[in-house]
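Sequences are here, hints too, so could you generate the full structure?
Letter by letter, the chains look like this.
Number of protein chains: 2
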Amino acid sequence: MREVAVIGIGQTEISEQWDKSLRELAGDAVLKAMADAGLDFFDGLYVGNMMSASANNQQHLGAYIADWVGQRGKEAYHLESACSSGAAAFRSALIAVASGDIDVAVAVGVEKMTDSPSTEITASLATAADADWEFSQGVSFVALNALIMQRYMYEYGWKRSDFANFSINAHVNAMHNPYARFHMLLSEKQFEDAGVICDPITLLDASPIGDGAAAALLVPVDKLMLSHENPMIRIAGSGASSDTITAHARKDPIWLTAAENSSRDAYKQAGIDPKDIDLFEYHDAFTIMAALSLEASGFSERGQGPRLALDNEISKTGKIPVATLGGLKARGHPVGATGLYQIVEVVTQLRGMAGEAQIEDARWGMAQNIGGSGSNIITHILTNAR
Amino acid sequence: MREVAVIGIGQTEISEQWDKSLRELAGDAVLKAMADAGLDFFDGLYVGNMMSASANNQQHLGAYIADWVGQRGKEAYHLESACSSGAAAFRSALIAVASGDIDVAVAVGVEKMTDSPSTEITASLATAADADWEFSQGVSFVALNALIMQRYMYEYGWKRSDFANFSINAHVNAMHNPYARFHMLLSEKQFEDAGVICDPITLLDASPIGDGAAAALLVPVDKLMLSHENPMIRIAGSGASSDTITAHARKDPIWLTAAENSSRDAYKQAGIDPKDIDLFEYHDAFTIMAALSLEASGFSERGQGPRLALDNEISKTGKIPVATLGGLKARGHPVGATGLYQIVEVVTQLRGMAGEAQIEDARWGMAQNIGGSGSNIITHILTNAR
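Here the protein sequences come in this chain order: A and B. Here the first sequence is numbered in the numbering used here, starting from 898 and rising by one per residue. Here the second sequence is numbered in the numbering used here, starting from 898 and rising by one per residue.
The hints are simulated quantities; they were obtained by calculation from the structure and are not laboratory data. One or more of the hints may lead you astray.
A few chain B residues facing chain A, derived, Cβ under 7 Å [as the list claims (entries may be wrong)]:
| hint | residue |
| --- | --- |
| 1 | G970 |
| 2 | I992 |
| 3 | A1025 |
| 4 | S1139 |
| 5 | G1269 |
This one's a predicted model, so the numbers in the text were calculated from it and none came from an experiment. Here a beta-carbon is modelled for each residue, glycine too, at the ideal position from N, C-alpha and C.
Right under this line is the structure:
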């Protein structure tokens, strides 16, 4: 397989974009990524999206977006693996370029969620879980995470407040991200006082939905004679793993086996260890997922994820900086787009262009996108090292 | 890229399978394909499906099906490009194996449509078209095809009865396919008398929906030491092309540019011409699409597709046998599964195992899957030639 690099990135802000259609959001991100790369074409388009069928009455997003950005005729598909749809699209673009089949691929994640009633969005999110054994029993997606968090707190003796810094740190970091959903600091008191959604998960454990799109343009490293001036950001490792679709069927429901598998594969390909990672864009859809991701990806002992938050080792200058531009909690979580936001943010850091949020001397960045309650987890490691 | 072969196939019958869930249908096809290949595992699963979000309250089909067939942990995604979702899944599996990233891929197409009210299915099918410029104007999917057919008949002077043999031939061929939706012959009189759905399209121009799943197992040719006894069926050519999402935006709405592009690429890779093709599993969702596919794929002059039907050159012993096991019209069209049914049928023919429906000395078979009104078309050429 050929080595592949990202040479273009683009994103829209995450907000309630009622004045932009689904295609306009996706188109903005794709055209920015193409302009950033200095290219006016691509060979293949890979679209990550979870809920356009129900939220926007629109599927067939490959042709829909390729047409909109003036690239009709190009190969174009839509990939879906719930909240990990963005990383699935990125990985498909990577494999297509690595294989030699095409030279220029664009992966875009897009989601437009705020035009629909929230009950409909809650029902759409639940299609990531098992329709027969979870959804139809009345278990919403927040409820699944609450069950996991409850069990985790019971097993390891954590209290709710031990998770506070996952959210507080994310909001600190989002202050310097112009594309983020929230630009406001959180206090420990606010976290403590937040209203319960599904015990023990409160509003401030949960990430916000939103409308947004992010895109990355990929080319083979050996064809980097292309006319662009950006530093080369290589995709050094890529791993993907599924797990049971239901949370209750897992041997250990408070361990993300698919994160362990996919990060192990990515580390191995990249030839590095967790200690080499300079920043980690993890999937903090809920604070419990932040803790579990850190553990399964090798940054913490089993059951000790919250310790990293308590010791503030997850901050910009900590042992393992996470959510460096706000994460899902504060940048926002437009579900099918999130995996591409993570990639765009890792590339921004590795280019040294993250401004006030810049991680010093960042050389290895990792992005991990989770689908369902841990049923599909995709991990990528990128680097500016040659 | 590595050469890739199909060494396992599986399918369910297409019918109203109210006693089988979505996962059971998909699982049956996947497990049959694995058994056929003599393998009890795969490395990656690629699922083609269009409407499980609305029709079955279930997305995340990669993890959902991998788990069900005992392959939890494996990489698994869902691909969607409307009615061409099946071929998109097959092509993704092909690229993954060709790249060297994995050795054993399964592509499965599945759709479960008959549990839902028909108005809901009509609305779901319309998400393949443009939500803003087609669907919200009240144009259903049948209506789009009717507009195209009306224009085509006007331009080239064909009458409705000239399309009859596309449907009659499909029903003849389905008689020998135990998995087909229909086992009944059609007469010209029945075709003439059929009720109009949307002028000029009648019930007997249109393919039936249904519940079903089909799967193919792919391995690299250079690793064919695997313990299976089936003849090697090589994937000799693969092409994919998009077009405008709306039918009205095309320069020529009665020409399938994406079929022309993708078949040209597939012929070039295979090193053959249309005259070398021994059978063509085309996308006869409507008789007009049958005519347009034959033209754009090089089997007929522009505007002369119906001539092949009138002269019965599309029959088993004709110049270009099509829909050899019933096609969409009579085998049935469970939308996201159709592209895999086409592949399974081409492999069956090339193995010489099509029984009464066998095309004599078949060496080159082609499958072409159409998404939307021609917005995404994927063409594969397979062969038993070494």
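If any of the earlier hints don't hold here, list their numbers in rising order.
Of the numbered hints given earlier, the structure breaks none, since each of them holds.
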